[in-house]
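Student: One letter stands for each residue in the lines below.
There are 2 protein chains.
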Amino acid sequence: MAEFPEEPIYRQLARIGRTLASPVRLRLLDVLDQGERTVEQLSEEADIPLKNTSAQLQQLRAAHLVTSRRAGTRVYYRLADERVSRFLGELQDFAAERLADLREAVSEHLGEVAVLEAVTADELAARLDDPGIVIVDVRPAADHARGHVPGAVSVPLAELRDRLDELPRDVEIVAYCGGPYCVVSPQAVRLLRDHGFSARPLAGGLARWRRAGRGLRTGSATAP
Amino acid sequence: MAEFPEEPIYRQLARIGRTLASPVRLRLLDVLDQGERTVEQLSEEADIPLKNTSAQLQQLRAAHLVTSRRAGTRVYYRLADERVSRFLGELQDFAAERLADLREAVSEHLGEVAVLEAVTADELAARLDDPGIVIVDVRPAADHARGHVPGAVSVPLAELRDRLDELPRDVEIVAYCGGPYCVVSPQAVRLLRDHGFSARPLAGGLARWRRAGRGLRTGSATAP
DNA sequence: CCCATATTCTATAGTTCTTTAGAATATGGG
DNA sequence: CCCATATTCTAAAGAACTATAGAATATGGG
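Quick note, the sequences are listed as chains A and B, same order. In terms of this note's numbering, the first sequence has 87 at position 86, counting the first letter as 1, and numbering is strictly consecutive. In terms of this note's numbering, the second sequence has 109 at position 108, counting the first letter as 1, and numbering is strictly consecutive.
Any given hint could turn out to be false.
No distinction is drawn between identical chains; accordingly, a pair holds when it is met within one copy or between any pair of copies.
In silico SDA-like cross-links for lysine to any residue, where the CA-CA straight-line distance does not exceed 25 Å [stated by the list, open to error]:
1. Lys52 to Pro6
2. Lys52 to Pro141
3. Lys52 to Thr74
4. Lys52 to Ala204
5. Lys52 to Arg19
None of these hints come from the bench; they were simulated from the model. Since the model is a prediction, treat every value here as computed from it, not as a measurement.
Between the sequences and the hints, there should be enough to build the whole structure, so can you do that?
Tutor: See below:
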């Protein structure tokens with residue numbers, strides 16, 4: 002056991018690293034970045050056994066990355082603060098930069114098109130007032146109501162096929178969903194393209210938009 | 002073993018986390034942030050057994066955080082790029098923000114004064130041309146020659162006691178050394194204060210200065 | 001007060017990581 | 001070509017972490 006004099010300092014730093022060293026915990030953090038969840042919701046949404054979800058949440062809490070509150074018989078977890086979300090984003094960018102295997106896994110999961118042709122948050126921010134684009138929020142309507150990209154229209158993926166005629170054909174459609182590795186918006190883009198629309202996904206979803214310090218709107222919006 | 006669909010992505014992210022989960026590796030990264038080193042130099046400077054140093058360097062290289070080059074019979078390691086240094090800094094800030102135990106360990110290691118009364122890089126940058134401060138680089142002269150805060154005078158800690166009369170008594174002295182947890186500049190500050198000087202350390206040392214995107218000067222500088 | 005539900009705690013098997021000894025490799029000098 | 005030096009590879013013991021079963025706790029309702 003190495004015992005250099007700064008060991009206590011680096012041991013503490015390593016606690017953060019260790020907490021970020023588990024795929025399960027990183028997944029939970031990404032889900033929590035979408036908003037507050039109960040243990041059961043997390044378990045279901047992240048597709049992780051309940052007991053393991055609870056156990057990992059204890060570790061996240063011990064590292065002060067999440068906080069919890071009890072409401073009746075449920076316990077709600079959320080990210081400790083907005084800085085955690087930003088740091089997560091930094092980790093993801095940093096990792097993507099240097100691990101080709103990560104870029105490959107993302108490409109495999111989302112599809113190559115979703116990665117290569119994605120609109121960046123900066124690009125979208127610059128074109129918010131451009132009449133040549135329509136922004137479509139393909140998450141469940143409740144998520145849209147809780148906060149969305151300014152001007153974004155809510156068309157949940159499940160309804161998209163039946164509501165194609167609400168969308169204009171002469172402009173570019175930018176579709177987004179929640180997390181940075183969410184497959185919903187790539188699926189929406191594929192569906193739209195199959196029907197002759199010009200569509201691209203938003204890189205990193207709403208999470209990256211928020212992490213870039215971009216504002217959100219709340220409340221509902223009607224179709225264009 | 003959890004097997005949610007995004008697992009391959011998060012497994013890759015976790016590789017970076019895992020690499021940052023060891024006190025030994027974090028220490029090695031901080032030493033490498035000071036500049037290129039051979040395995041033996043690292044082992045000695047970080048106070049970690051040679052074989053363990055080598056083993057951990059393999060892992061850092063596998064995660065693409067460091068690169069190496071062979072020169073004759075030595076192998077030199079360095080951080081893979083400047084982004085690694087910045088990310089390290091972000092990790093350190095992020096960890097310090099939420100782990101009271103880390104702040105305590107730093108306080109214990111450096112002394113409370115060094116933490117509470119340190120000059121921030123921003124503050125120092127704003128006062129670079131202020132005639133009311135003198136910046137003293139207390140690292141070995143060779144390190145100073147390789148790069149230093151603009152205007153900084155080289156007075157290695159070992160020589161400080163004998164060169165006190167070179168320093169002005171009517172201005173504030175800012176002393177700095179290399180890494181964020183380096184004890185050399187706090188020691189210099191204590192020595193200076195004991196001799197009636199007004200002195201403060203630079204928070205985070207030259208590492209934080211560099212990570213904040215501040216420029217360096219190279220070459221030698223004479224005493225004030 | 002007892003019950004059902006949601007979550008956490010305790011204990012443990014299995015896995016992975018760390019450390020280090022000993023063997024192996026690579027380089028330059030004689 | 002052989003040797004000394006610096007580093008890495010291989011192997012193995014020990015420590016730490018993950019996942020999960022089973023027991024325990026906390027809450028609100030009847």
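Student: Decide, hint by hint, whether the structure agrees.
Tutor: Hints and how they fare:
1. Taking the shortest Cα distances, Lys52 and Pro6 sit within 25 Å of each other only across copies (19 Å), while inside one copy they are farther apart (39 Å).
2. For a Cα distance limit of 25 Å, the shortest separation of Lys52 from Pro141 qualifies neither inside one copy, at 27 Å, nor across copies, at 54 Å.
3. For the homomeric pair Lys52 and Thr74, the shortest alpha-carbon distance inside one copy (16 Å) is at most 25 Å, but the shortest distance between copies (53 Å) is not.
4. When the C-alpha separation of Lys52 and Ala204 is checked against a cutoff of 25 Å, the pair qualifies neither within a copy, at 33 Å, nor between copies, at 43 Å.
5. Taking identical chains as interchangeable, the C-alpha atoms of Lys52 and Arg19 lie at most 25 Å apart whether they share a chain (20 Å) or sit on different chains (23 Å).
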